[in-house]
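Here my numbering is used: the first residue of the sequence shown is 993, the next is one more, and so on.
In case anyone wonders, no lab produced these hints; they're calculated from the structure.
Where hints are given, some of them may not hold.
[As the list claims (entries may be wrong)] Here are the simulated distance ranges between beta carbons:
1) Y995 x L1251: 31 to 37 Å
2) A1037 x L1251: 31 to 37 Å
3) Y995 x L1236: 19 to 25 Å
4) P1024 x Q1089: 49 to 55 Å
5) G1252 x A1063: 53 to 59 Å
6) L1084 x T1153: 29 to 35 Å
Each residue gets a CB set at the ideal place from its N, CA and C atoms; glycine is no exception.
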Amino acid sequence: EPYPFAPRPMAPFLEALGEGLARQALHPYPLPLSGAGGSDGVGDAEGCALAPALASGRLRLVSGARVRTLAVAPDGRRVEGVEAEIGEQRWLFRGRQVVLAAGAVNSAVILLRSRGAAHPNGLANGSDQVGRNLMKPQLSVILQRASQPNDGRYDRSWGITEFFAGDRNVDYTLGTVQSGGGVLRDSLFAASPPVLSLVARLLPDGALEWLADRSFTWWVMTPVLPDPANRVTLRGQQVHVDYLPNCREAHDRLVYRWLGEIQKVDDDPLTPESRRTIVYPRGEAPLALMGHACGTCRLGSDPATSVVDLRGRCHGIDNLWIADASVFPGCPAVGPGLTVIANALRVASAVVAHG
């Protein structure tokens, strides 16, 4: 079936950049972007899911609530309620089914806090896997110089998967590359102070203004492997993260391979939209940037090595489900958002069928 909406328009210099990449025997594809027919043109969770559900009168959305623990029945087999703090008050929300979707760090934290006589190591943690296997793709942002000014506010445009399965020298996964959009819209760039400090040192006064209107960004992403030592734990009431990235060689190889590709584009006389520069500033996403984190409540058929079953229900808990990226047994080389959405729809169907 045809897509319901026309493609989002792409800035002319980005169209030319895609053609330049294609001349280097690459196969850039237009990235899927959120979009809808409303006045704001945004197809996000609020507009596509929450607003229609609230309009039905069957959903109540409570804002400003901080979930602390899950209250468990004495036999340890059912969750009886969700304990939350709202302002200075403590609330208990009850329901026949409970779905946890607080993200890879906080979903694990809530389960670890919910320990009791039946679950001394944390709820649904009979496998000792809750909080373990924390993964987040290695992300680096690279700046490429534009030959003409732009407003720095354009959308993301191109994706490249040529190197996912390796390159001519290696046969293991390297990852993917995506354009990050204009510098003023790039949250990853904003969270990568090393890039800003490097550019500020290399360029004279006005460097950041130049950065905004004469450059564009690339996200270079490499998946990592699950490691039980990379984990989220509680030390008293404090959340602690132990994390040591792996697959460093693969990521470094992808970064330098991509630098070589964009240098070819810069040297191509048919692509005047970009310009060769002495240095291509880059920086890695810091540990604090957890937007793509996953793996801490891994999915699997064996209760001894996983937290949830293949439907998303916690092993040993009749009415507790998890529907976020924490259930991923492996790390993606792209943003996990669409996979999280697809899996959440699958979990929702299982919850309804379970009753």
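Verification of the supplied hints:
The given range of 31 to 37 Å is respected by Y995 and L1251, whose C-beta atoms sit roughly 34 Å from each other. Roughly 35 Å separates the CB atoms of A1037 and L1251, a value that falls within the hinted 31 to 37 Å. Separation of Y995 from L1236 is about 42 Å and departs from the stated range, judged on CB atoms against 19 to 25 Å. A hinted range of 49 to 55 Å is violated for the C-beta pair P1024 and Q1089, which are about 31 Å apart.
Between G1252 and A1063 the beta carbons are some 56 Å apart, a value that agrees with the proposed interval 53 to 59 Å. In this structure the hint that L1084 and T1153 lie 29 to 35 Å apart at CB is violated, the actual value being about 47 Å.
Figure legend: structure checked against the earlier numbered hints; hints not met, in rising order: 3, 4, 6.
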